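Each chain, letter by letter, is given below.
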Amino acid sequence: MQRNFFLFCFLLIAAGFSFIQSNDVTIEKIDKSKLQKLIKERKGKLLFLNVWATWCEPCREEFPAIVKLANEFKDVDFAGISVDFPEEIDSKIKPFVKSNKVNFPIYVNAFTNDEELINMLNKDWNGAIPATFIYDKSGKLIAFIEGKKSYEEFLKNIERARRK
Amino acid sequence: MNSLNKFLAAIFITALFFATLRADDNSIKKAENFKLKDYNGKEYQLSDFKDSKAIVIIFIATQCPVSNAYNSRMEKIYEEYKNKGVAFIGINSNKLESVEEVKEHAKKNNLNFVILKDVNNVIADKFKASVTPEVFVLNSEFDVLYHGRIDDSRKEEDVKSEDLRNALNEILQGKKVTKTETKAFGCTIKRVN
Numbered sequence: 001m002q003r004n005f006f007l008f009c010f011l012l013i014a015a016g017f018s019f020i021q022s023n024d025v026t027i028e029k030i031d032k033s034k035l036q037k038l039i040k041e042r043k044g045k046l047l048f049l050n051v052w053a054t055w056c057e058p059c060r061e062e063f064p065a066i067v068k069l070a071n072e073f074k075d076v077d078f079a080g081i082s083v084d085f086p087e088e089i090d091s092k093i094k095p096f097v098k099s100n101k102v103n104f105p106i107y108v109n110a111f112t113n114d115e116e117l118i119n120m121l122n123k124d125w126n127g128a129i130p131a132t133f134i135y136d137k138s139g140k141l142i143a144f145i146e147g148k149k150s151y152e153e154f155l156k157n158i159e160r161a162r163r164k
Numbered sequence: 165m166n167s168l169n170k171f172l173a174a175i176f177i178t179a180l181f182f183a184t185l186r187a188d189d190n191s192i193k194k195a196e197n198f199k200l201k202d203y204n205g206k207e208y209q210l211s212d213f214k215d216s217k218a219i220v221i222i223f224i225a226t227q228c229p230v231s232n233a234y235n236s237r238m239e240k241i242y243e244e245y246k247n248k249g250v251a252f253i254g255i256n257s258n259k260l261e262s263v264e265e266v267k268e269h270a271k272k273n274n275l276n277f278v279i280l281k282d283v284n285n286v287i288a289d290k291f292k293a294s295v296t297p298e299v300f301v302l303n304s305e306f307d308v309l310y311h312g313r314i315d316d317s318r319k320e321e322d323v324k325s326e327d328l329r330n331a332l333n334e335i336l337q338g339k340k341v342t343k344t345e346t347k348a349f350g351c352t353i354k355r356v357n
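Residue numbers (our numbering), protein chains in the order written: chain S, 1 to 164; chain L, 165 to 357.
It should be emphasised that the hints constitute simulated quantities derived from the structure, not laboratory data.
Just so you know, these numbers come straight off a predicted model, no measurement behind them.
Among the clues, some could well be false.
[Claimed, not checked] Distance windows between CB atoms, simulated: (1) L/N197 x S/K98: 50 to 58 Å; (2) S/N119 x L/P229: 20 to 28 Å; (3) S/K43 x L/Q209: 55 to 63 Å; (4) L/E207 x S/D136: 49 to 57 Å; (5) S/K43 x L/E320: 38 to 46 Å.
[Stated by the list, open to error] Calculated cross-link-like contacts (lysine to aspartate or glutamate; reagent style EDC-like; alpha-carbon spacing at most 16 Å): (6) L/K354 x S/E61; (7) L/K324 x S/E115; (8) L/K199 x L/D212.
Where a beta carbon is used, it is the ideal one built from N, C-alpha and C, also for glycine.
All chains, full assembly: derive it from the sequences and hints.
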């Protein structure tokens, strides 16, 4: 009886922890100054930045590859910027982030003007997503990857960036 | 002018030259005539519209939520300008969106302007179009007078700058278009490999 009670308590605590963990997803809003800071404050690591949206099918399709790479490359910072609306954090972004077991920070676009975000990341980019940007340790853009890519294609880009 | 100033001026002019070249690479300045069929099989040429004061070409999609957010706005603009000498052409270049789907989508969303199916994204390639929705406004010589978004927000209630309307109004008034290039997030056009 006592054993069952302890087992019950253990299961309850475990369930509690997993509940807390699964809800432990925070999506921060990102504006110009925050993005500048994210890109510039490198602390000796490369940055792999992916711009995506829940409404973008190719973005959703390539995401598991990025999560896999983020697990494999601990010497690279990974970050995502969702261009869904900030009011869709709970209804759309969080469920997607949770189901993909995303292990890196996800931000939501809070620029006053989408064009400002597009031009800040790359003046030659016209806003087609997904788009991925790799920055070196000094915050300089060293790779601009347009469109949906496979695990192998991203891997090649990361390895090239690490050699630079 | 001393030699340092001359040197700096030379660098400046060279930089300006390359900057212009770069801008040219990004978007087309002039369109070529093309032929495409609409979803009923009727063939159109761009030159069919050359008597118009302006030709609006919009790359659209049936499945892209951004393009779909603009369905009623596109139709409204078309209705507003069709009697002012502005031609309106939708082009669907997505490889996964069939002619039947384009037809059904137009019916369901009450899109009454011409919608052409660009099989194998040949015309999207010529225009260097990459997202939906993406607008090109041409004059009768097919010079690109405006390229970019319809307006500045997917949410109609948040729109602050009606860029396509502004460009059309300026053209109809015989003025130079003030803002010739704009950008917005959109769905990538799915091309054949």
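Please verify whether L/K354 and S/E61 have alpha carbons no more than 16 Å apart.
Holds - the C-alpha atoms of S/E61 and L/K354 are around 14 Å apart, at most 16 Å.
Is the hinted range of 55 to 63 Å satisfied by the C-beta distance from S/K43 to L/Q209?
For S/K43 and L/Q209 the Cβ distance comes to about 58 Å; the hint holds.
Please check whether S/N119 and L/P229 have a Cβ separation lying inside 20 to 28 Å.
For L/P229 against S/N119, whose Cβ atoms are near 23 Å apart, the range 20 to 28 Å holds.
Evaluate the given range 50 to 58 Å for the C-beta pair formed by L/N197 and S/K98.
51 Å, holds
Range hint 38 to 46 Å: satisfied by the CB atoms of S/K43 and L/E320?
Cβ of S/K43 to Cβ of L/E320: about 42 Å, so the range 38 to 46 Å holds.
Take a look at whether the Cβ-Cβ distance between L/E207 and S/D136 falls inside 49 to 57 Å.
51 Å, holds
Are the Cα atoms of L/K324 and S/E115 separated by 16 Å or less?
13 Å, holds
Are the Cα positions of L/K199 and L/D212 separated by 16 Å at most?
Judged against 16 Å, a Cα distance of about 10 Å means the pair holds.
The structure shown violates none of the earlier numbered hints.
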